[in-house]
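Residue numbers (my numbering), protein chains in the order written: chain A, 341 to 507; chain B, 341 to 507.
Keep in mind that the hints were calculated from the coordinates and are not lab data.
Any given hint might turn out to be false.
No copy labels: a pair is met if it fits in one copy or bridges any two.
Said to hold, decoys possible - Pairs of lysine to aspartate or glutamate residues, derived as DMTMM-like cross-links and limited to a Cα-Cα distance of at most 25 angstroms, are as follows: (1) Lys459 x Asp473; (2) Lys376 x Asp361; (3) Lys376 x Glu441; (4) Lys497 x Glu391; (5) Lys497 x Asp383.
Number of protein chains: 2
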Amino acid sequence: MRILGIDPGSRIMGWALIESDGNGYRHVSSGIIDSKDIHAVSDRLLFIYREVGGIIDSYGPDAAAIETVFFSRNQRSAFVLVQTAAAAMIAALNSGVPVSEYQPMMIKKALSGYGRADKEQVQLMVRRLLNIDHRLIADTSDAMAVAICHINSVQFKNRLAEHALSH
Amino acid sequence: MRILGIDPGSRIMGWALIESDGNGYRHVSSGIIDSKDIHAVSDRLLFIYREVGGIIDSYGPDAAAIETVFFSRNQRSAFVLVQTAAAAMIAALNSGVPVSEYQPMMIKKALSGYGRADKEQVQLMVRRLLNIDHRLIADTSDAMAVAICHINSVQFKNRLAEHALSH
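One chain only, chain A, in its complex shape (with noise of 0.2 angstroms):
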């Protein structure tokens, strides 16, 4: 399986392409969607929701997995990274790729065992993961996390499905 990971960012969202089948993990491509210099919103918008869907296009992941947006304290910058959120969300659902979303503690846990590990240890593991000998900007590498993450899970839930089919 092909999965687009996102980590959703008002100004920067990272993505990452990685692929499975079913021993370990392979990266195919990833990079950022930088919006940082588009001032208005509705711009920014449909900035991100065309690069992603260029993204789809060019790559055809199987389904899209995203961290799951939380407010901070600044309730505007909560608002544009609630919309670009969904804008990538939109434009893998209109391309007719399925979108999960995952919460920050369970990304970790999936990567390092431990919901409250720090930024460098999911790095270290991410790398580990997917053999990658330098380091990564956080964005990016946080958009892998979620893939991995991702695969995980169906592959978890594909497993206990053989199982209960098993027995």
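Given chain A's structure and the hints, the job is docking chain B onto it.
The following block gives chain B in isolation, referenced to the frame of chain A:
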């Protein structure tokens, strides 16, 4: 000009097409997008995105106007409300229809001259301006109100620009 007014709602979204030739307003069409029986948020976002896209294809508005969403006490419902409003905005933007946002107080002021007018006063004013002699559901009358607010705002700016040119 022909304006699509949108009253965001996570379960019921009101919409209205209002025209103006500079002398008063004309109600073209209006209705609601009812997604309350769609339980998965992602399904709801896609439904709203496509419904708003369909309205735009049918009526070809010059611009859209939407009431700004404010956070409620309940974080989860505020979340869904911002997401569904974003779905409507992105549908318009992706069809090349610019979107303006208006705060509730501005809309009330544009309609009744008073920023703290209640929903009943706004509805009465909407019905008078559009020559509608029957009661409207609140979602629809709020969508008409934001469209009228946008028309007023554009016409006011145009008059200012003409005034500046003639001096």
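Results of checking the hints against the structure:
Taking the shortest Cα distances, lysine 459 and aspartate 473 sit within 25 angstroms of each other inside one copy (17 angstroms), while across copies they are farther apart (61 angstroms). Taking the shortest Cα distances, lysine 376 and aspartate 361 never come within 25 angstroms of each other, neither inside one copy (36 angstroms) nor across copies (38 angstroms). Taking the shortest Cα distances, lysine 376 and glutamate 441 sit within 25 angstroms of each other both inside one copy (24 angstroms) and across copies (20 angstroms). Taking the closest pair of Cα atoms, lysine 497 and glutamate 391 never come within 25 angstroms of each other, the shortest separation being 31 angstroms inside a single copy and 33 angstroms across copies.
In this assembly of identical chains, lysine 497 and aspartate 383 lie within 25 angstroms of each other by CA distance solely across copies; the values are 22 angstroms between and 39 angstroms within a copy.
Consistency note: the structure conflicts with the earlier hints numbered 2 and 4.
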